[in-house]
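Here the structure of chain R is known, so what remains is to put chain Z in place on it, guided by the hints.
Here are the chains, one letter per residue:
Number of protein chains: 2
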Amino acid sequence: MNEFEFIRRLRAQVESQGPSAQVVRGIGDDAAVIKPGDGRELVVTADLLIEDIDFRRATITPELLGHKALAVSLSDVAAMGSEPRWAMLSIGIPSDAWSVDFIDQLYEGAFKLANRYRIRLVGGDTSRAPDKIVLDSIVLGDCAAGRAVLRSGAKPGDFLYVTGELGGAAAGLRLLKRGAKLGAKRGNQSEAQAMEKVLQRQLSPEPRVGWGLVIGQEQLASAMIDISDGLSSDLLHLCEESHVGALIDAAKIPIDESVVALVGRRALDPLQLALHGGEDFELLFTVAPTKVSKLPKRVDGVPVTRIGTIEPAAKGIRVAEGSLIWELEAGGFQHFGGKNG
Amino acid sequence: MNEFEFIRRLRAQVESQGPSAQVVRGIGDDAAVIKPGDGRELVVTADLLIEDIDFRRATITPELLGHKALAVSLSDVAAMGSEPRWAMLSIGIPSDAWSVDFIDQLYEGAFKLANRYRIRLVGGDTSRAPDKIVLDSIVLGDCAAGRAVLRSGAKPGDFLYVTGELGGAAAGLRLLKRGAKLGAKRGNQSEAQAMEKVLQRQLSPEPRVGWGLVIGQEQLASAMIDISDGLSSDLLHLCEESHVGALIDAAKIPIDESVVALVGRRALDPLQLALHGGEDFELLFTVAPTKVSKLPKRVDGVPVTRIGTIEPAAKGIRVAEGSLIWELEAGGFQHFGGKNG
Chain R
2 MNEFEFIRRL RAQVESQGPS AQVVRGIGDD AAVIKPGDGR ELVVTADLLI EDIDFRRATI
62 TPELLGHKAL AVSLSDVAAM GSEPRWAMLS IGIPSDAWSV DFIDQLYEGA FKLANRYRIR
122 LVGGDTSRAP DKIVLDSIVL GDCAAGRAVL RSGAKPGDFL YVTGELGGAA AGLRLLKRGA
182 KLGAKRGNQS EAQAMEKVLQ RQLSPEPRVG WGLVIGQEQL ASAMIDISDG LSSDLLHLCE
242 ESHVGALIDA AKIPIDESVV ALVGRRALDP LQLALHGGED FELLFTVAPT KVSKLPKRVD
302 GVPVTRIGTI EPAAKGIRVA EGSLIWELEA GGFQHFGGKN G
Chain Z
2 MNEFEFIRRL RAQVESQGPS AQVVRGIGDD AAVIKPGDGR ELVVTADLLI EDIDFRRATI
62 TPELLGHKAL AVSLSDVAAM GSEPRWAMLS IGIPSDAWSV DFIDQLYEGA FKLANRYRIR
122 LVGGDTSRAP DKIVLDSIVL GDCAAGRAVL RSGAKPGDFL YVTGELGGAA AGLRLLKRGA
182 KLGAKRGNQS EAQAMEKVLQ RQLSPEPRVG WGLVIGQEQL ASAMIDISDG LSSDLLHLCE
242 ESHVGALIDA AKIPIDESVV ALVGRRALDP LQLALHGGED FELLFTVAPT KVSKLPKRVD
302 GVPVTRIGTI EPAAKGIRVA EGSLIWELEA GGFQHFGGKN G
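If you read the sequences in order, they're chains R and Z.
Its first residue numbered 2, the first sequence is counted upward by one per residue in the working numbering.
Its first residue numbered 2, the second sequence is counted upward by one per residue in the working numbering.
Bear in mind the hints are in silico, worked out from the structure with no lab data behind them.
Predicted model only: the values in this text are computed from it and were never measured.
A hint or two may mislead.
Each pair may be met inside one copy or between any two copies, as identical chains are not told apart.
What the hints assert, rightly or not - Lysine-lysine pairs mimicking DSS-like chemistry, simulated, CA-CA at most 30 Å apart:
{"hint": "1", "residue 1": "Lys295", "residue 2": "Lys186"}
{"hint": "2", "residue 1": "Lys156", "residue 2": "Lys36"}
{"hint": "3", "residue 1": "Lys36", "residue 2": "Lys295"}
{"hint": "4", "residue 1": "Lys36", "residue 2": "Lys292"}
{"hint": "5", "residue 1": "Lys295", "residue 2": "Lys156"}
{"hint": "6", "residue 1": "Lys182", "residue 2": "Lys36"}
{"hint": "7", "residue 1": "Lys198", "residue 2": "Lys316"}
{"hint": "8", "residue 1": "Lys186", "residue 2": "Lys292"}
{"hint": "9", "residue 1": "Lys178", "residue 2": "Lys113"}
For reference, chain R alone in the conformation it holds in the complex:
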């Protein structure tokens, strides 16, 4: 398969999604042309995934890789309270991975997720790479003007909420590093289920698109961020941008039950993983007391939990654990670089 065949295949696949009034021109020109509605603001994010830094070829399938690349960016758009609408995927592929099967499966993973949210793939770039697979996922979303939910609007007195459960993705990463594989046969059924669940959380994260939309459309949150680096790091980011402090209640943190189920036999500390483990891609947001009653209990089956309160900046960022109160330090996923947009 050469570059032209590849682009032709990809274009046919995109066109099979049917026409879209807002895509004036998709794949096949120098750039894509899209038409946001009048009065809309545009939300744009890019996320780089590099082999042996962000994933290993031995532990993720091409399909899950395509899914994960897109999921990470969808999570960012959800964290802005916006609707993801268009995506581009830039991929660099080394010779030993360049095959019709590999590329088809990678795009299949991305398309499956994109179709679920009616997101159109409008472009990207494909390049040979010397040895490591590289993906840059770019997602564009939109929202009514002035409605994007930033990190910077939290006020003392607001309540702090998080969607879903925490710690699973980090537990999955630890198990992968110890040789666990998705879909492997295991003796004990409840243990097998728990392992499978945390491996899925790591390899096939579910962006909280539905929650992001509800929060944005109803303007329920004063500030929001997605938990990609870990609750501690991302709470710190939110508090920094909002110039506030926070007090969270350790007992309220929704620790992933599968992580708890795996404790004992393995060196996994559920609270540590929930506090500092990255890549859960849940949404962390703050809600003014007057709006708390409007918050739905679940969106797309995903619950939400109140885990603390926003305080003045001078109080710092603290955790109450029973009668103890201690200062929370960022201990999440600290890679070399970092997200800057």
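Showing chain Z alone in chain R's frame:
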């Protein structure tokens, strides 16, 4: 420098560009928020540059690399007849290149070019990379609705034009492969100038932003593409999308004078380089006979040359060289993957 220091530095640099009414939120949130004007269409492109595929660390400076990454995407937006307005840069950097100097210089190159066209850097992603530098440059532009110039509008009878001169970037690449360096001392002054010029064309390409704007605003072209893969390949793309053929006059092709000046001593065939050499980042476009008189002679000092005519598809894509007429085959830069948007 860790990720937070890095993002803080970058943000300060962006904020020193002054406020922008259309950037609601730049670097420092989950995603950027921008506000295109009502009735505008958005043009988006992404270009991946990977070390040892698209450039070599030994022959390009970090500043030129930052410039080139952005320039390649600006050229795509120009080729849509649109105004580039916002940019994101995703960079993966291996440990041995991770230094304040390297990153500052890389961004300096990108910022210098961005500032020239008042483009705002609104985000991106930064990641560690195992061994090779990776850059994905994302540029967003806009134009009045329905005004984007596609590859698909050329009609038989239209004239074919190209901006600037061709062949320089490919000659520069050949010289780099033979050990030439930018700024090296050379004996013969005219030869030194010619070498410097073609090396610059390869390492520091100038996107034809001004031409793209004029063509888009005045709706002068029926179809347009930028010459990234080479005149032959890109003419083929334009003709395929427009379902037309073309006849070009070899004698009219504006061959880079510096390439001609270097002929004789080196194995460089100027016409071959001009026809098939990639990365000149000039614009190739078609103009209906009724609009030819409106075409400016120069934009930003860059001339334009009529090199042929669009014909019915059945006639194929041909070159007239004196009394000979031969079929043009795509022979441009054929890397492994390819641009798909």
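Hints versus structure:
In this assembly of identical chains, the alpha carbons of lysine 295 and lysine 186 never lie at most 30 Å apart, being 44 Å within a copy and 72 Å across copies at closest. In this assembly of identical chains, the alpha carbons of lysine 156 and lysine 36 lie at most 30 Å apart only when taken from different copies (26 Å versus 35 Å within one copy). Proximity of lysine 36 to lysine 295 under the C-alpha cut-off of 30 Å is restricted to the inter-copy arrangement: shortest distance 29 Å between copies versus 32 Å within a copy. Taking the closest pair of Cα atoms, lysine 36 and lysine 292 come within 30 Å of each other only across two copies (27 Å); inside a single copy the shortest separation is 33 Å, beyond that limit.
With identical chains, the CA atoms of lysine 295 and lysine 156 are at most 30 Å apart within one copy only, with a shortest distance of 18 Å there and 58 Å across copies. Taking the shortest Cα distances, lysine 182 and lysine 36 never come within 30 Å of each other, neither inside one copy (43 Å) nor across copies (45 Å). Taking the shortest alpha-carbon separations for lysine 198 and lysine 316, neither the intra-copy value of 37 Å nor the inter-copy value of 60 Å comes in at or below 30 Å. In this assembly of identical chains, the alpha carbons of lysine 186 and lysine 292 never lie at most 30 Å apart, being 47 Å within a copy and 70 Å across copies at closest.
Taking the shortest alpha-carbon separations for lysine 178 and lysine 113, only the intra-copy value of 27 Å comes in at or below 30 Å, while the best inter-copy value is 43 Å.
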